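Chains as they are written, first to last, in the numbering used here: chain X, 1 to 114; chain L, 1 to 116.
Source of the hints: derived by calculation from the structure; they are not laboratory data.
Bear in mind that the values here come from a model prediction, so they are computed numbers and not experimental data.
There could be a bad hint or two in this list.
What the hints assert, rightly or not - Take a look, some chain X residues computed to stay more than 12 Å from chain L by CB distance:
| hint | residue |
| --- | --- |
| 1 | L11 |
| 2 | Q14 |
| 3 | T26 |
| 4 | S69 |
| 5 | A70 |
| 6 | G83 |
| 7 | S85 |
| 8 | P114 |
To be verified - Sample of chain X residues with no beta-carbon within 10 Å of chain L, all distances over it, derived:
| hint | residue |
| --- | --- |
| 9 | E15 |
| 10 | R17 |
| 11 | I20 |
| 12 | N22 |
| 13 | N27 |
| 14 | M29 |
| 15 | D55 |
| 16 | R61 |
Said to hold, decoys possible - Derived CB-CB ranges, DEER-like:
| hint | chain 1 | residue 1 | chain 2 | residue 2 | range |
| --- | --- | --- | --- | --- | --- |
| 17 | L | M27 | X | Y39 | 17 to 27 Å |
| 18 | X | N57 | L | V54 | 29 to 39 Å |
| 19 | X | P82 | L | E53 | 43 to 53 Å |
For each residue, glycine too, the CB sits at the ideal point set by N, CA and C.
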Amino acid sequence: DQQVKQNSPSLSVQEGRISILNCDYTNSMFDYFLWYKKYPAEGPTFLISISSIKDKNEDGRFTVFLNKSAKHLSLHIVPSQPGDSAVYFCAALPSGGGADGLTFGKGTHLIIQP
Amino acid sequence: EAQVTQNPRYLITVTGKKLTVTCSQNMNHEYMSWYRQDPGLGLRQIYYSMNVEVTDKGDVPEGYKVSRKEKRNFPLILESPSPNQTSLYFCASSFDRPGPNNSPLHFGNGTRLTVT
Numbered sequence: 001d002q003q004v005k006q007n008s009p010s011l012s013v014q015e016g017r018i019s020i021l022n023c024d025y026t027n028s029m030f031d032y033f034l035w036y037k038k039y040p041a042e043g044p045t046f047l048i049s050i051s052s053i054k055d056k057n058e059d060g061r062f063t064v065f066l067n068k069s070a071k072h073l074s075l076h077i078v079p080s081q082p083g084d085s086a087v088y089f090c091a092a093l094p095s096g097g098g099a100d101g102l103t104f105g106k107g108t109h110l111i112i113q114p
Numbered sequence: 001e002a003q004v005t006q007n008p009r010y011l012i013t014v015t016g017k018k019l020t021v022t023c024s025q026n027m028n029h030e031y032m033s034w035y036r037q038d039p040g041l042g043l044r045q046i047y048y049s050m051n052v053e054v055t056d057k058g059d060v061p062e063g064y065k066v067s068r069k070e071k072r073n074f075p076l077i078l079e080s081p082s083p084n085q086t087s088l089y090f091c092a093s094s095f096d097r098p099g100p101n102n103s104p105l106h107f108g109n110g111t112r113l114t115v116t
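Using the sequences provided together with the hints, build the complete structure.
Okay, here's the thing in structure tokens:
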């Protein structure tokens, strides 16, 4: 049973527009969420995170929104740039941190078109 | 430069031939972990280590071994590789176990393993 779901395998967005990547989770014990970005032939790199005590966290062009009641989070990228083309992974941790690591979604391939 | 280094980057081997994928980090991180990435399955944790001589199973440990004799190194060992272990493997590390008050995981660039 997949606990972190990214239901869109790919997303195509025009340069300059907003990219919205979605993530749903089923485990109510999750209370810390992260987004990682991955380019081909490289490892994932940390992008932004949010704790359940917040509903929004912003870092430059990147904003993550958390809706705990819906068990849903989203990553907004505004404006989208060609360098944003990558695979984005949503990840989650239970309360108290996770000795056994992050639970990842399957990833969404974002393609920014010129 | 702070980094997690995996070797080799690419490896093709045959069923049953023991192999080791090395992982080294130069950030004095206590926590290290191995993940595998498969199409349609995302990243799944194989093993992790909280500190030297402390290792634990992740979600998919079958067919793998690890060791943590030194803080900086965390090799992944496949004693008898099988084709279902064909995958993209990532080593990762952080100062402490993942959590909201801790630094995020740093990943290596991956090892693409093919077992025929």
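These are the hints, each one checked on the structure:
1. L11: It holds; X/L11 is separated from chain L by about 16 Å at its closest Cβ, greater than 12 Å.
2. Q14: holds, 27 Å
3. T26: holds, 15 Å
4. S69: holds, 20 Å
5. A70: holds, 21 Å
6. G83: holds, 18 Å
7. S85: holds, 18 Å
8. P114: holds, 27 Å
9. E15: For X/E15, whose nearest Cβ neighbour in chain L is about 27 Å away, the distance exceeds 10 Å, so it holds.
10. R17: About 26 Å separates X/R17 from the closest Cβ of chain L, which puts it past 10 Å; holds.
11. I20: Holds: least Cβ distance 19 Å, greater than 10 Å.
12. N22: holds, 15 Å
13. N27: Given that every Cβ of chain L is farther than 10 Å from that of X/N27, nearest at about 13 Å, it holds.
14. M29: Label holds. Min Cβ-Cβ 13 Å, cutoff 10 Å.
15. D55: holds, 15 Å
16. R61: holds, 19 Å
17. L/M27 with X/Y39: 17 to 27 Å: Hint holds: Cβ distance 21 Å, inside 17 to 27 Å.
18. X/N57 with L/V54: 29 to 39 Å: holds, 32 Å
19. X/P82 with L/E53: 43 to 53 Å: holds, 46 Å
Taken one by one, the earlier hints all hold for this structure without exception.
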